[in-house]
Every structure is written in structure tokens, then in C-alpha cells.
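With the hints as constraints, model all of the structure from the sequences given.
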Amino acid sequence: MSRQIASRAAQAALLLILVSLATFSLVRLAPGDPGVFLYGTSASAEDIALFRARWGLDAPIHIQYLRWVTNAAGGDMGRSYQDGRPVLAVVAERIPASLLLAGTALLFATALGVGLGIFAAGHRFSGWDRAITLLATLCYSAPAFWLGIALILVFSVRLGWLPSGGIRTLVGTSDAGDLLRHLALPAAALALRDVGRFARITRSSMLEVLAQDYLRTAAAKGLRSRTIALRHTFPNALLPVITLLGMSIPGLLSGAVIIETVFGWPGMGRLAIESAIQRNYPVIMGEVLIVATLALIGSLLADIAYAVADPRLARSERE
Amino acid sequence: MERKLIAPTILVLAVALFTACAPQAAPRPNAIVYGTTFQPNTLNPITAPDIVSRSAIEMIFSGLVSANEKSELRPALAESWESSADGKQWTFKLRHGVKWHDGQDFTADDVKFTYDTVIDPKSKPTVAKADYAGLQKVEVVDPFTVRFYLSQPNAAFLSLLVLGIAPKHLLQSQDLATTPFNRQPVGTGPFMFDSWVQGESLTLKRNPDYFGEKPKVDKIVWKIVPDSNVLALQAGNGEVDVAPVFNPKDAAALQSSGKLALHETLEGNTQISLQLKNPLFQDVRVRHALAYAIDTRSLIDNIMAGAAVPATSDLLPTSWAYNPDVPTYGYDPAKARVLLADAGWKPGTDGILTKDGKRFSISLMTDAGHKVREQVILAVRQYWAEIGIEVKAATQERNSFIFDKVLKGDFDAVLLQSSVQIDPDLSRRFHTNSIRNGQNFLNYSNPRLDALLDQALATSDQQTRKQAYSEAQRILAEDLPQISLFYPKTQYAFNAQIQGIKPSPTNLFWNAELWEWK
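So the protein sequences, as listed, match chains A and B. Residue 63 in our numbering sits at position 63 of the first sequence; the count goes up by one each step and never skips. Residue 330 in our numbering sits at position 330 of the second sequence; the count goes up by one each step and never skips.
Quick caveat, the hints were computed from the structure, so don't treat them as lab data. Mixed in with the good hints there might be a few duds.
Residues from chain A that face chain B, not an exhaustive set, calculated with beta carbons under 8 Å [said to hold, decoys possible]: (1) F37; (2) A45; (3) P60; (4) H62; (5) V157; (6) I167.
Covered stretches of chain A, going by a simulated chain B footprint (3 or more residues, C-beta under 8 Å) [claimed, not checked]: (7) 47-58; (8) 240-247.
From a predicted model like this one, the values you see are computed outputs, not experimental measurements. All C-beta atoms in this analysis are idealised placements derived from N, C-alpha and C, irrespective of residue type, glycine included.
So, in C-alpha cells, the structure goes:
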């Protein structure tokens, strides 16, 4: 197990270097210029040149990359062109909002999705099953911005129950309840899509396991169908769900770009869009690298969880 | 049976929980929330050339002068000024007793520091240095008198002094690009910095010691609402008190509730710039034909839902130098065809005009994502196709469009919106000297226009200037390096209970200290 983790860590370091190289090339090969964002159509060649000189953009591109790597290795990810703050601070202040939104959504999506999936598998081909499958497919295929706007129209505009955007009431009192009210719609919009994914994958995985002989034996022994589903089937159907969870972890931080934009949620997804529009190269690099690191950690955690959920994997590793 | 009720019960409880948290109706705080899709880059007046940053900055900082909704300049930190007979020296008497938001005294040293920093090539980035190129030095005569020395007379100079004055005691020996001051500014304006959460909001609070009329509201909050559809919903819903209306078709719906009032101001000329290096456009008859072929009225009615005014030049009709009496080109495709035929263009076998074996085929581009401009280029493609011109219409992401196409002059025709300046000087876009630094990306050069523009800058007599600009506008409308289409109306929806809002074409907040709840 520990040997596996060590080799995965080495792979991760190599991957991060490749990611940084790929991102740097992609971002810098893209047309446009950070100075244009400030000066617009009335930019003079001189102003653009001065801007580039200030941020070292006039050096050859490979030198710029080497400078960036050297600094990043020492923990200095550079500074935002926008206001000159360190990139780490710029990115870090966005993390809590994204974590809260995506975490809440993931929690709801897992609980609801897995529950619905188990239920649907237990009532295979019934009306319930078909209804859940239809709902799951609808949720999964509805475009995020459409779902977001639809929720706003119903719950903010029509019913007036919940605020349509932002993370808190800007003028007046802002407490935990206020935060919850602001969280409700974006979290719901984000969760609904994943409910579909989790329900679909749990259902099909459950069905696969249900076809096994030992479950027929359990039923023949006279166990209650609920016991069979929860104690004997579900744990064995868990692996694909864990994989899906592991894959969702980087999404916790990379942010939900579209939902954050629709709901004006100040998270990482918004930051990604803002810095891409501004050509704020250091911030784009910093954000990608942090998210990549988390993706690697997420898949590592999923591997460990695999081993725990399926003792056969851990044993084969020991042998 | 009861098991079936579990899920609905949880759902009801969850909804009840969220709604129970709704705050009780409290008295309205004395604050105004402005909803916007944009946020400032920085709050340092020296480093912010962009209009979004500047409209926030102008509430926190005062300049020597300030502009009102008619772009007229009024005293601000300067009480009075005079220029020398040759127009090369400007002397400003400063207001006494003005305090920075941190309590320090404002003096002439701050003025000198601000402008020295702007013109110093070593300090970067700053506001456009090209604008201040004629400023040679700034001299402190006494703590409340300051003198500016120009290399040549410049009538537009005063309008550049709206630039916010920054505090020397906080900014000297700081790196402009990275100083924390960029996010925690200290100015002399009617509002003080309170907080700024990136991507969420900017909050300014009342400055009780403001030297002018004291602000009437306690706070002005910018709420960042990135999606313009949601912003319109929030304006209708009362979640924001003031908001720009991006889709002219939303305006009527917003107004019908009776809770919102609308205010309109004109935006910059939406125009088609032609690349004059391209031989296709060098014949003026061709440029005239292109203009005659476009039905501007129909663009305004159908795409702008009527929320625009036909345009004749880059100057707005509200400017003192505006000339309404210039040649215009009403929709007349027949005349366009005649002009093109006169210029030697004959329809080829495929219906596209040809001359000397060359087809009249051009590209027409604009920035992607701007709904109005996207629709306009499609309409114009149609109009020009009707007179036998093949048009490839395309859009490109705004940043790369401006950098790689517009500023490099790498285009045939581009649809742009000209920026609005306080001073009517047109040199930046049309003077031959501006070709060199890329600002005159049309590559338009007309010695007669150059002479007029130079002459207008060299005098401080407004009547003489007005005559020169009238003539300049006539020459441009006749020569037609760009085809002016319309001035869109910026519409602001605001809570009808707010009074005092009077947007200028360059800044909604120029009189924010006078805004108040009824």
C-alpha cells in the first residue's frame, strides 16, 4: 500500500510539471494581450509595450517559463496583473466559496442520487424506476445555465422566496441563515445534474451485483429485501460510485464555471473566467496548478478508498 | 404507508428552513446597491486607464477639475486656474483645508507627485502616457499653488486633469504595480473605501469631511452580477437599486412595474472602420456607396428596439463641439450601385462586383459576445451583398480581436464603438501622427484635417475651437474613413424612490454625493 502511494506521488510530481508546461504553452499561444484589457481600443503601442516590460512579457517565451518554474518551485506563483497581489492570495480567497457551493452540492447529489439509484434498482422496471431514470436523464442533460435561470425565475422572481445571486446580503444583516438562503439555489442547480449521474451509475451497478448467485441465496434464506439491498448488494456495488466521487473532488475547487457565473458566486470558476478574459497569465497558471494538484490527490484518495471498500485489492497488493 | 411520506416531508422541512431564515422587514438601510456585470481592476487613479475602474475611482478620489453630465469642466481640488498668454503654462490655485481620508492634509506636493508619476517612463503601468505626452513638468509654487508646463499649447489639456490626485505620503517609493494601495485606496472624494471582495462586491462609505456637498447616502455598493440576464431580473426584483439595461427590449418590461425609472444617456458612436491601406477602400465613391447601402433606420428599429440615435461622427450630440450639419447617407442602394459603377466596379458572372479581374470581397468583423454588434454585422453583410459585395462576417473574442486585428490594422472593415472623451479633440483616431503609435488604425491621413485639429488644440478660445471641429466633422463625414451608424442609448433602470441620478456619457457616478432616497 505505502509503496503504491509513493509511486503515485512520484507520478504526480511529473504530471504537475507536464501540466504546467502544457498550460503555459496553451495560455501564451492564445491570441490577445493582457494590456489590451486595460487600455482597450485606444491603446497606444507605447502603453502596451510599457505594460509588457513591467511584467517581463518582453523576454523570450522559454526564459519566461523558466523564470516562472524557478519562482513557483520556491512557492512564489507570481502576482496578478490586475492589482498586483500574490497569485496564491488571489486564488486562496476564492477557495472557501467554491468549496462550500460544490461541497454542499456534492453531498446532496451523492445522498439523493445513491438513494434514488438503490431504490430504482430495487424496483427495477416499475413505474418508479422509469420515473427516476427519466428524471435522472433530464437532470443530467439540462444545460447548467438553463437550469440556473429556471430556478431563479421560479424561486426568486415568481415566488420571491430566495435571493437570485451573490453569497450574502450586501446591505443589512448577513448571518448563517442568510448564507444558507443564498446557497440554496446555486447548490440545487449544481446538485441536480450530479443527482442524475449518481442515480444512473448506482442503479446499473446495483443491477449488475443483484444478478449474482449469492444474492439469490440470500433471498432464498428469507432475508428481507431491504437487508439484501443495503447489506449485501450496495457495498459490492459501491466501487463505481467511489470512482465517480473521486473524479468529482477536483470539481469541488475548479468551481462550477457556469453556475457561479449565473448566480454571481465569487468562487474559483468565476476567477477562471475573469482571468482568462483579462489574460491574467499568472492567475490562470496558479489556478490550473492548484486544481491539478487537487485532482491528483482526489484520484489518490479514490484509490485508497477502493482498497478499503474491496479487501481483495489490498490483499493482491500485499502478495 | 408512512414511509412514502418521508421524502416529501423532508422536502417541505428543507424549504421551510430556508424560507424561515428570511430576514424580517427592516427599515431600508441608507445605501444604494448598483448592479453591474463588470468590476474594477484597481482603485489607484494613477494605474487605472479603464472606464470601469475609473468610474469607481472618481467617487473615492477628486481631480483638479471634474466633469458634469454635459462634459463641462468644473473646479474640484483646484479652485481656480489661469493659463499664460502662449498657452504653455497653467497655474492652479488649490482648495485649502482638504483632508485625505486618513486625516492628512492635501497639498500641492500631492498634485506634483501624481503627475510626475504618470509622465515618468519608469513608472508603469499607468494611465495612457500618450495622453500626457505634452506635459513637461509640474512645479510647486507654494503649498496651494501648482504650475504645469506644456511643450506646446493644448486646449484639451484641462480635460485630462479630471485624473484623481493620489496621496504622496502613501504612495511614494511604492511599486505601482503591486502596492496594497491599489486595493485599499485613500483619496479626497465624497466616498471612502470600505471593502472590496473580488468577484462579489465593492463597498464605499460616506466621507463626512468631503470638501464639496456632503454625500446623502451612507453607502454605495457595487454588486457584481456577471450574467446580464440575471442582472435584469434583479433590477426588476428590487435586489439591486440601479442597473444598466443591456438588452433594449428589457427596458419596457422593467418600466411597466412602475417601481423603476429609466434614465438614458448616449453612448459612443457605433461605426464601421475601414482599413484605408486596402486599395478597395481608397476610392471615396466606394466608401460613399458602402454607406448608402446601409439602412441605419432599420438597424435602430429592429436591432436596437429604437434605443439609439443616428450617428454622424465620434462626437456626441451633447458635446458643445457637435456639428449636426454634415453630409449624411440615407438608405439608397440604387445610388450605391451607380457610385460603384462610376468607380469601375461591374457585376461578374456570380453577381459579385469585379474590377480589373479582382472581386470585391471583404471581411467584416466585430467582438464576439456583444449581441447588438453581432446582429449588426449580419445585417450589414446582407445590405452590402445586395449591391454586389461579398462580405465574410466573423466575430472574435474581444481581447484578441482588439489586439491582433484592430490595433495591428489587420482587417478590411470592423464594427466598433468609439469611446467617448470629455474633450472633443479627434486627433487620437484621425490625425496622421497617431498612425505611428497604432491609435489611428484606419491609417487615415488628411493634411487639411491634421491642420484643423492642430489649430483647434493651439487655441483656448472655445468659439474658434468649435469652428475647427465643425469643419473637421464635415471633412470626416465627407471623406468617410469610418461609417457612423448610431449612438446607442445606455439605459439605466433605477428604483423610482431614488433621486439625483443624472448619468453622464462617461460616468454614472459623477454626482453620486447627491443621490438620495426620497
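Evaluation of the provided hints:
Taking 8 Å as the C-beta contact cut-off toward chain B, the hint placing F37(A) at the interface holds, the least distance being around 6 Å. Restraint check, A45(A) versus chain B: the minimum CB separation of about 4 Å is within 8 Å; hint holds. About 19 Å separates the beta-carbon of P60(A) from the nearest beta-carbon of chain B, more than 8 Å, and the hint is not met. For the restraint placing H62(A) at the interface with chain B, the shortest Cβ-Cβ distance is roughly 22 Å, beyond the 8 Å limit, so the hint is violated.
Hint on V157(A) holds. Least Cβ distance to chain B is approximately 6 Å, under the 8 Å limit. The beta carbon of I167(A) comes within 6 Å of a beta carbon in chain B, closer than 8 Å, and the hint placing it at the interface holds. For a cut-off of 8 Å, the count of residues in the stretch 47-58 of chain A with a CB near a CB of chain B stands at 7, and the three-residue condition holds. Counting residues of the stretch 240-247 of chain A whose CB lies closer than 8 Å to any CB of chain B gives 0, so the stated coverage by that chain is violated, three being the minimum.
In this structure, the earlier hints numbered 3, 4 and 8 are contradicted, and the remaining ones agree with it.
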